[in-house]
Amino acid sequence: MGLIEIRDLSKSFNGHAVLKDVNLVVEKGSTVVILGKSGVGKSVLLKTIIGLMPPDTGSIRIDGQEVVGMDRRTLDALRKQMGYLFQGAALYDSMTVRENLAFPLERQARLTVDELEERILRQLGMVGLEDAIDKMPAELSGGMKKRIGLARALINNPRIMFYDEPTTGLDPITAREISYLIKELQQLYQPTSIAVTHDMMCARIIADKAAVLHDGVIEYEGTISGMESVSNEVVKSFLATA
Amino acid sequence: MNNSAHLGSGKTFGLWSLLASFFERIGSLTVFSLRFLQTVFLPPYEFGEVKRHLDELGSRSLPLVGTTGFIVGLILAMQTRPTLYRFGADAFLPAMVAISFVRELGPVITALIVAGRVSSGIGAELGSMRVTEQIDAMEVSGIDPFKFLVVTRVLACMILLPLLTAIVDALGLLGAYVSIVIESSMSWRLYWNSVIQSLTFADLVPGIAKTAIFGFIIGIVGSHQGFKTTGGTVGVGKASTTAVVLSSLLIIFVDMILVKITVWIWG
Chain V
1 MGLIEIRDLS KSFNGHAVLK DVNLVVEKGS TVVILGKSGV GKSVLLKTII
51 GLMPPDTGSI RIDGQEVVGM DRRTLDALRK QMGYLFQGAA LYDSMTVREN
101 LAFPLERQAR LTVDELEERI LRQLGMVGLE DAIDKMPAEL SGGMKKRIGL
151 ARALINNPRI MFYDEPTTGL DPITAREISY LIKELQQLYQ PTSIAVTHDM
201 MCARIIADKA AVLHDGVIEY EGTISGMESV SNEVVKSFLA TA
Chain Z
1 MNNSAHLGSG KTFGLWSLLA SFFERIGSLT VFSLRFLQTV FLPPYEFGEV
51 KRHLDELGSR SLPLVGTTGF IVGLILAMQT RPTLYRFGAD AFLPAMVAIS
101 FVRELGPVIT ALIVAGRVSS GIGAELGSMR VTEQIDAMEV SGIDPFKFLV
151 VTRVLACMIL LPLLTAIVDA LGLLGAYVSI VIESSMSWRL YWNSVIQSLT
201 FADLVPGIAK TAIFGFIIGI VGSHQGFKTT GGTVGVGKAS TTAVVLSSLL
251 IIFVDMILVK ITVWIWG
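Taken in sequence, the protein lines are chains V and Z. According to the numbering used here, the residues represented by the first sequence are 1 to 242, in order. According to the numbering used here, the residues represented by the second sequence are 1 to 267, in order.
Since the hints were made in silico from the structure, they are not lab data. Some hints here could point you the wrong way.
[Claimed, not checked] These stretches of chain V come out as covered by chain Z in the derived footprint (C-beta under 8 Å, 3 or more residues):
1. 43-53
2. 133-144
3. 185-198
[Claimed, not checked] In silico lysine to aspartate or glutamate, EDC-like type, Cα no more than 20 Å apart, as pairs:
4. V:K47 - Z:E46
5. V:K80 - Z:E46
6. V:K209 - V:D171
7. Z:K147 - V:D8
8. V:K47 - Z:D144
9. Z:K51 - V:E106
10. V:K80 - Z:D136
11. V:K47 - V:D8
[Stated by the list, open to error] With beta-carbon atoms standing in for the labels, derived distance ranges:
12. V:E233 - Z:F23: 28 to 36 Å
13. Z:V31 - V:V25: 31 to 39 Å
14. V:V113 - Z:L19: 54 to 62 Å
15. V:V68 - Z:L19: 30 to 38 Å
16. V:S59 - Z:G231: 25 to 33 Å
17. V:L116 - Z:A20: 44 to 52 Å
18. V:K183 - Z:S17: 46 to 54 Å
For every residue, glycine included, the Cβ atom is placed at its ideal position computed from N, Cα and C.
From just these sequences and the hints, can you work out the full model?
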């Protein structure tokens with residue numbers, strides 16, 4: 001039994017089916033990367049799993065609890081055990097980096113001012129951005145925003161992590177750095193993770209397992225190295241980009 | 001013949017879809033308002049955030065509403081004086097200015113200016129938070145964004161509007177006095193006594209109290225438009241504009257009802 005179990009999940013927008021009976025199991029402590037072209041519904045899948053979008057049909061079980069139809073309070077409690085790195089980092093632009101990191105922390109844990117500051121500095125140290133503590137998000141580069149977003153997502157030591165296109169919009173060097181940083185933090189915190197990306201380089205670095213989503217259906221599920229021996233055209237086209 | 005029939009049905013369809021969209025928006029706004037009433041009394045209470053919005057919105061609005069109030073008071077006295085003079089009733093000028101300003105002009109001017117300034121700002125701010133996934137980020141952290149972003153802003157507007165209205169009323173009366181003193185030799189004491197004697201409980205309290213309802217409209221409409229924004233930066237612009245238009249219309253419409261109720265109760 002996996003920590004995250006998705007069964008027959010379907011979602012459509014204005015009659016257009018984005019997810020068609022998707023099934024996926026994520027084992028505890030593993031990292032599954034969902035690969036797919038832009039617009040195939042990877043982010044929709046992620047947002048459906050975390051309860052930001054209700055599915056049309058299907059079931060999502062996290063640690064044995066059914067997420068679909070879960071009441072707000074239980075869902076909020078479950079979400080406090082999760083972290084989410086958004087595509088654009090989604091830093092609160094009216095807050096400094098310190099306040100961005102403090103925001104979830106001070107509402108989830110009873111900490112003194114010193115403990116709070118220590119946790120924030122430790123987290124920023126992990127992503128190598130202690131100097132940015134008093135900066136506003138508008139003053140940061142794309143790569144720095146991703147790092148801060150990552151630090152914020154991991155600040156509560158989440159059991160489950162979600163990464164939405166962690167390298168999109170970054171130059172290849174920064175994308176590689178972010179991928180290795182994710183790998184390093186994965187090893188440190190050991191959360192169960194799902195990442196969606198179209199970046200094969202990132203997938204090779206962080207994935208234990210890959211799933212290829214195409215036309216709302218998972219076309220391949222297995223290891224990254226196993227993708228080499230598959231004759232499926234969609235899978236082949238992904239490997240060709242790497 | 002066929003063409004005109006076709007045109008006619010097109011117009012009917014256009015009107016129907018416009019009406020449908022209007023009622024859909026009002027329905028969504030009603031549900032949003034009910035959610036506010038359901039959430040406002042439940043913990044956690046974000047008093048710090050309410051105070052922050054009060055400071056920010058108050059300092060942003062005060063210079064504009066204050067200046068407008070002063071000038072409108074001045075103009076009102078300037079425009080009314082010749083007519084009253086013609087009927088030998090210019091002694092009633094302070095009373096007339098005070099009643100019209102405190103009952104109606106002060107509250108409505110304040111509300112409409114704040115609607116333009118604040119409701120659009122809230123719509124744009126929350127709209128941009130929506131399209132850049134900041135609201136989603138709050139939600140996945142297990143924090144209720146409605147409570148943190150909407151309830152605090154609506155409460156701040158409900159507290160702010162009566163305070164601003166009281167200031168605008170005072171500045172409007174001061175503006176009227178400046179106009180009167182330029183054209184006649186009326187002393188401040190005489191002017192102020194006339195103002196105080198002309199005002200009753202039924203003028204002051206409902207006039208100020210109804211602005212809390214206007215504050216609710218400004219906050220909830222701006223938040224609703226921002227929270228429901230779709231379509232990227234274009235959507236943010238639309239949210240901001242719609243927030244001003246809808247809140248201004250609702251203020252005038254609700255004011256009409258409140259005036260009727262006030263007259264019915266106090267005469």
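Would you list, in rising numerical order, the hints stated earlier that this structure does not obey? The structure breaks hints 2, 3, 4, 6, 7 and 12; every other hint is satisfied.
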